[in-house]
Amino acid sequence: VIADWANDRVMQWKNGDTTNGQVVGGGKGQGNGLNQLDHPRDVLIDKETDSLIICDQRNERVVRCFRLSGTTQVEILIDDI
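For the record, in the sequence shown the residue sitting at position 69 is 69 according to the UniProt record's numbering, with numbers rising by one throughout.
If you are wondering where the hints come from, they were derived from the structure by calculation, not from laboratory data.
Only a predicted model underlies this, so the values are computations on that prediction, with no experimental measurement involved.
C-beta: ideal position from N, C-alpha, C; glycine also.
Heads up, some of the hints might be wrong.
What the hints assert, rightly or not - FRET-style restraints, in silico, Cβ to Cβ:
1) K28 with L77: 14 to 22 Å
2) R67 with G33: 12 to 20 Å
3) N15 with D80: 33 to 41 Å
4) G16 with I81: 31 to 39 Å
5) I78 with N20: 29 to 37 Å
6) T18 with D79: 33 to 41 Å
7) E60 with N20: 29 to 37 Å
8) D42 with Q22: 17 to 25 Å
With the hints as extra help, turn the sequences into a complete structure.
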């Protein structure tokens, strides 16, 4: 899982597959909506909740993306930082 800073998204690749990445956070263009990121800086994997915790640098927030049944639910954990 990689924070793709320049493309405002978080990408995931399966082990050994270097060509077929999947967008797992953002990917809806640069912005401040729940489904958008603005230069994500870092990402942590929370295996307990099957979610990603993303530092969304230019939106000055930390968001959690739940990866449930192929859909992504997003919540803001910290805002205005």
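Against the structure, the hints:
Checking the proposed 14 to 22 Å range against K28 and L77 shows it holds: the Cβ atoms sit about 19 Å from each other. The hinted window of 12 to 20 Å between R67 and G33 holds, with their beta carbons roughly 18 Å apart. Our hint of 33 to 41 Å for N15 and D80 holds, since their Cβ atoms are close to 37 Å apart. For G16 and I81, the hinted distance range of 31 to 39 Å is satisfied, since their beta carbons lie about 36 Å from each other.
As the Cβ distance of I78 to N20 is approximately 32 Å, the hint placing it in 29 to 37 Å holds. Hint check: T18 to D79, Cβ distance near 35 Å, so the stated range 33 to 41 Å holds. Taken as a hint, the range 29 to 37 Å holds for the pair E60 and N20, whose Cβ atoms sit roughly 32 Å apart. Taken as a hint, the range 17 to 25 Å holds for the pair D42 and Q22, whose Cβ atoms sit roughly 19 Å apart.
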